[in-house]
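Student: Please take these sequences and the hints and turn them into a complete structure.
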Amino acid sequence: MRIQVAYVAAAMALSGALSGCATVGAVGGQPASQASGAASGPAAPATIIAAMDGGLIGGSIGSGLSESDRRTALQAEYRALEYSPAGKAVEWQGFGGTPKGSVTAAQPYRVGSQDCRQYAQTVTVGGQNRAARGTACRNSDGSWTPLT
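First residue of the sequence shown? That's 7 in my numbering, and the numbers climb one at a time after it.
The set of hints was computed from the structure by calculation and includes no laboratory data.
For each residue, glycine too, the CB sits at the ideal point set by N, CA and C.
Hints may be right or wrong, so weigh each one.
As the list claims (entries may be wrong) - Listed next, the in silico SDA-like pairs over lysine to any residue satisfying Cα-Cα at most 25 Å (straight line):
1) K94 <-> P152
2) K94 <-> T151
3) K94 <-> N135
Stated by the list, open to error - Here are the computed distance ranges between Cβ atoms for each label pair:
4) S119 <-> S66: 26 to 34 Å
5) T104 <-> N145: 31 to 39 Å
6) G133 <-> T53: 33 to 41 Å
Tutor: Here you go:
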């Protein structure tokens, strides 16, 4: 995993230097901007959600959320990573409209044989806004592994 993180760090540095170049890579077998169901997409199977190991919402930004709201936010993370075009927010709402949040993924890029994306999650709980950023890479089974 440490080698993978080193590759991601190098790729992130290189992507900043080459920001004017087109990104080669696919998400879910298609470029993210062309994936069907772009922002919404189907719900992820429980096994794929479990493999995400809590995603960003599993950190401090998800404190105070019910288990149901965390699942809803994690589903939004998956849809953003798997289906959403770069920069397009995938919004989610908890029961009764609060809490709520959005997940926005950046352009996919390739690290070795994996597609990776940086992404940000924002959450509003009790009128307070919280934000977190991370990077996740797609596994061959369709799950996304957040990098730490």
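Student: Is the Cα-Cα distance between K94 and T151 25 Å or less?
Tutor: At roughly 21 Å apart (the allowed maximum being 25 Å), T151 and K94 satisfy the hint.
Student: Assess, step by step, whether the Cα of K94 is no farther than 25 Å from the Cα of N135, and give holds or violated.
Tutor: holds (19 Å)
Student: Has the hinted range 26 to 34 Å been met by the Cβ atoms of S119 and S66?
Tutor: About 32 Å separates the Cβ atoms of S119 and S66, which means 26 to 34 Å holds.
Student: Holds or violated: the 31 to 39 Å window for the beta-carbon distance between T104 and N145?
Tutor: With a Cβ separation near 33 Å, T104 and N145 satisfy 31 to 39 Å, so the hint holds.
Student: Need the status of pair K94, P152: alpha-carbon distance at most 25 Å?
Tutor: holds (20 Å)
Student: State, for the Cβ atoms of G133 and T53, whether the hinted interval 33 to 41 Å holds or is violated.
Tutor: holds (35 Å)
Violation of the numbered hints given earlier is absent; every hint is satisfied by the structure.
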